[in-house]
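Based on the sequences and whatever the hints tell you, model everything.
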Amino acid sequence: MAPAKKRNVCSEPTSANTAKKTKIDLNAQVQQIIDSRKNANNVFDVLDCLQSEKEKDVISAINACSNLFVALLERKDLFIGKLSEEDTLLTGEHNAQEKYSMFMRHRYNDCVETLLEHLGHTSYQVKETALVALMKFVAVQGQYPLEDLNWSKHLSFPRALLVAVVGRLLSQSEDTTMLISRFQDFLEMADVRFYVMGSIRESVGVVMDKNKGEVMPVYQDNVFALLSNINMPSKESELTNFMVKQEDKHSEWKPAKLNEHRRSFERLWLGFLKHKLPSSMYKKILVILHDSILPHMSNPTLMIDFLTAAYDVGGAISLLALNGLFVLIHQHNLDYPDFYKKLYNLLEPSIFHVKYRARFFNLANLFLSSTHLPVYLVVAFAKRLARLALTAPPESLLMVLPFISNLIRRHPSSRVLIHRPSKADEACEDPYLMDEEDPILSNALESSLWEIKTLQSHYHPDVAKAAMKINKPLSVPEVDIDELLEITNFELMEKDLKVTKSPPLEFEPAKKLLQGGGGIVGQHFCLV
Amino acid sequence: MGKPAPKKRSVADKVRKTKTSADIKNNPFEVKINRKKFEVLGRKTKHDVGLPGVSRSKAINKRKETLLKEHQNKHKANKFIDRRFGEYDTNMAPEDKILERFSMERQRLHDKKDLFNLNEEEELTHYGQSLAEMEKFNDLVDSDTELTRSHFGGGGGLLRKREGEGPRARSRQELIEELIHKSKQEKRDRQVQKEETFELTEKLDKDWKSIQTLMSNRTPRALRDDTQAEKPRLDEYDMRVRELGFEMKAQPSERLKTPEELAREERERLHKLEADRLRRMTGEPAKKGPKTTTHMSADDLNDGFVLDKEDKKALSYKDGKWQSGDAEDGGDEEELKAQQEAAKAELPYTFAAPESYAEFHALLEGHSPDNQCVILARAQKCNHPSLGEGNKLKLQKLFGFLLEYLGELSSSSPPRLTTVDKLIPQLFDLCQMFPIAASKAMRGVLADAGHDLEEELEADGRAAFPALDTLVYLKVVSLLFPTSDFRHPVTTPALLHICQCLSKCPVKSLQDMTSGLALCCLALEYVCLSKRFLPEVLNFLCGTLHMAVPDKTSLGYSVVPPFRPVGKHNDLLLLSAPESSATWTNQTLPLALTQHLELTDHLHRDHHRLTCLSTCLDLVHRCCLLYKDTDAFSAVFRPVQTLLSRHLPLDAHPEALQELKSSILAAIEGAPRSHKPLVFEKQKPIPLRMFTPKIVEVLDYGKRRGNTKVQREMERTKHKYKKEFKGALREIRKDNSFLAREKLQETMSRDSERKRKVKELYGSLGTQEGEWKALRRKKK
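Sequence lines, in order, name chains A and B.
At position 487 of the first sequence the residue is numbered 487 (the working numbering), and the sequence of numbers has no breaks.
At position 113 of the second sequence the residue is numbered 641 (the working numbering), and the sequence of numbers has no breaks.
Derived from the structure by calculation, the hints contain no laboratory data.
Heads up, simulated DMTMM-like pairs for lysine to aspartate or glutamate below, C-alpha to C-alpha not over 20 Å straight-line:
1) 1210/B / 425/A
2) 511/A / 957/B
3) 1036/B / 1129/B
4) 968/B / 506/A
5) 512/A / 936/B
6) 512/A / 949/B
7) 498/A / 982/B
8) 925/B / 883/B
9) 920/B / 932/B
This one's a predicted model, so the numbers in the text were calculated from it and none came from an experiment.
What follows is the structure, encoded as structure tokens:
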């Protein structure tokens, strides 16, 4: 048996074959190899096909390899234990059976290597097939371990293979989000998830240290994609889905313990977050922080540093950090000084225009729902929101006007904002100071909501109607603003467009395009 | 005839009649008790106990008195009514009747003749002649003549006979004829007399006229003056009365034509014009009036030779040469040709309404804007909805096509906005005709625009400014529909769309800015009457001004998205060279610039910047004036104020801009700053609760149906009608059965009578036969 020679001989006809023929051949060859040891050398043909340039060939070859080696693994035809160098194979003293299994083990290693390379292939299909094949190997290898299991303490899981796969997934140069989302299926299995978390942590530590903490957008995006795909279980009883079954020592196995999972998860995130992040990444993390990260950490207060730093950044990031902070304050007894002052200062004209408007107002509603807040604070919030409402689009106005009304409803002493009969006849300038950062000093308590009075003549009828409500004593039940948070402008438009009855018409006959309406367009623009 | 047969009463009736009402009511066989479902306290019911027997006999009696009488008198033309006193009174004894009649007679006579008779003795008569007169023997018959007459026949008798024959021969017929003759004669005489009188009057009149002139000439001046002097003395009251009398009374004028008639006339006119045009195109000469049949003389040879035409060639001098009529003929032909040409160039007068947009496009293709307008007007008139079934639908479609066409015109490059401008009146007319279809089409356009914007926003989070066709559509909306309505199915979404564009589309170039300013102008036009508050427009204007601020550090104001305090496109309105403002003059911008803005050199770009800035400042100024009475005016305009006063030095800019700026600042300063604190509206005091009972209207029908008074009344009337109808049906049915019964009885009685008679006859015949047989037997 001279493998080198054989390979030379076989490679020529394989490359010459057509795709269809190879496929048939491959399946036949795999069958032959499995059937009889005589045909063992055919494995080279199969492995050659893996390197083919044609996508179809590669995919069928990957499938063939996966079939072949899974069969061999199940038959325990691969060498178990520490493998010696291939060159020493001939020199060493082994019987035929050993030689065969060692030879096949080497081919298996070749195959795995090629498949790992294929994870960086240009075609997604090849990548996907390779990934599936590798995970299949992981599963089978876990069942039929290739390591010597002489000592009973050790529980078998092919960690090395998984680390290699994860390492390939977290590419530094290429966006692998698609493949990662395919990988998510495997992350459903508790043991895979556990070991993947470990390997990511190692990878992040190594890679980021190598880069000395610089921002690496592609790599970090990939890591984030993989991290956000991790669905942590919330109860120990949910840990039932395993890739590798451990019959006897299951209870001692780390992946079977929720605490271990949590610890690993926490370390993973902290390790990831301690490095410098691009600002878009900040937003993404903060969006998922409160419901998919914090609940699964064994000690969520460790995130305080991250959150306070994010809250101080300002703008949209501050808005997003609110959510995490809220969870910490609410559930973990965090005491945050000047929280409301900061919240007050977050109110900027842009909050009505940003994407996270609904989330922010939902939280603001929560923060201000306490009836134990001092009146000056509530009044300052109401006044500031009203002032900002002067620049808001109608869909936001429909939400913020009931919001302000709700504030006044909750705190009856703040009713002076819309009803001050004691000074009804004394006209005064608005004493409110918009630029004052401290709500105590803003003089909001002496002011009135003239802004809402102005909005009563807003161009949109619904907004005008909502603003009209302050003309009368407010009704007792609060308005539920949850439904109002997500209104879009297009919905408003459609609502009006649906009316079918006969509309009133303009009575003044139109003669020219630019006539009418005070001729404002005509004054500044002409037809030609 | 004469007396009607005395009424027959059934035994039952007789029995019933004899009983008192109390008797009947206590008789359980007569009483029918109507069961009530439940007792209602305090309700009085009329119909809890019924007496079916009584009511039935009542009904039958009534029918007998009315229906049966009618039936008996059917087909009888007249009837005898004896009007003598007490003739039909059966209760009176005949003696009494006669006595009464006599006394009445006496009374009558007494009234008439003896009113003034002092001696109260009454005159006794015999056969109408006074007995007293008779006793006087005034009319003593000459005994001699009587004797001769009785004793001797002779001549006297003959004479007397002839005397007596004369009048006796004249029968009644003759008498009547004579009478008629007499009356006719009289009539004729009267007529003749009348005519004579008339003639005489005529004659008199004539005579009077002949001498009248003489008399009038002779009237002295003084007399005439007198009459004139009298005139002003006329009573004012009389004058008034006469004035009123002679006042022009409203004359019935010609009826106003209905729109349908107008449309029909218009169509007929167009059809006539079209026929005329077609005729001219084909080259037929014009018909002059309706064709008159030419008179043909009996001697006409029918060879077409007519003398009445001017057949001679006219000789005329022109330019010193004489010309025959031939030249004129040639001229006619030329004219004809020219006419044909003109007709070809002229538009057809009738158009079929297009069924698809392609047809519509083909219809207007290649015509000048004015002609397109005319084509549309004619198509509209030819297919007026009152002229035919289905026309309405066609014209409704036409509106949609026209709208699409406007979009196409404005999105073509270069945009043909003048054509759009010309077509606006047509669009307006169609819209007035079909408000529902028009609003539907317009809403479709707006929904598309909104949807596109929404999709773009969802994909990228921002959108480009709308194309020119959307601008045109938005402008058209404001022309067709009222913009000041609180809520309008078309204008409200349109304004919403404008504002959304202004708040979602980032300004990245001067072209975007031009679009945005056009939208701002549009939005302000929408609210110029209603003075509604437009935050988006103010944000946009503020953002635009921000782009002209040279130093963007330490701002005292904030800009609202889509504008950013610092960023890539934030210096769009900064002049590249301050000198260029010297050569700038304010111009109106063509709307097409919102699509293609090509500014090659710095000077042009600077000029465009200045124009934009001027527009923007003007709009801000307008906003200031528009919102100067709002409560939050100072809060709304504070950013603009800070920006203009501290950050925007316009020293290098033309004076017009500086003036605008100072006027804006003055307007902001001049607005009232202090306002009264808000208080709730005064509410009506809630009235105390009263304990007056609630009065519920009791209705004829069961449940309270219908909300308004009119509806309730309607319901009540319906119910009543139904009830009455049912009752009437029932009555008619009963009448019919009653009549049928009566008829049957009649027939039966007739039949039995006949049977009886026949039996009698047979009996008599039988006895006769028997007697005869007995006789024969005897003979034998």
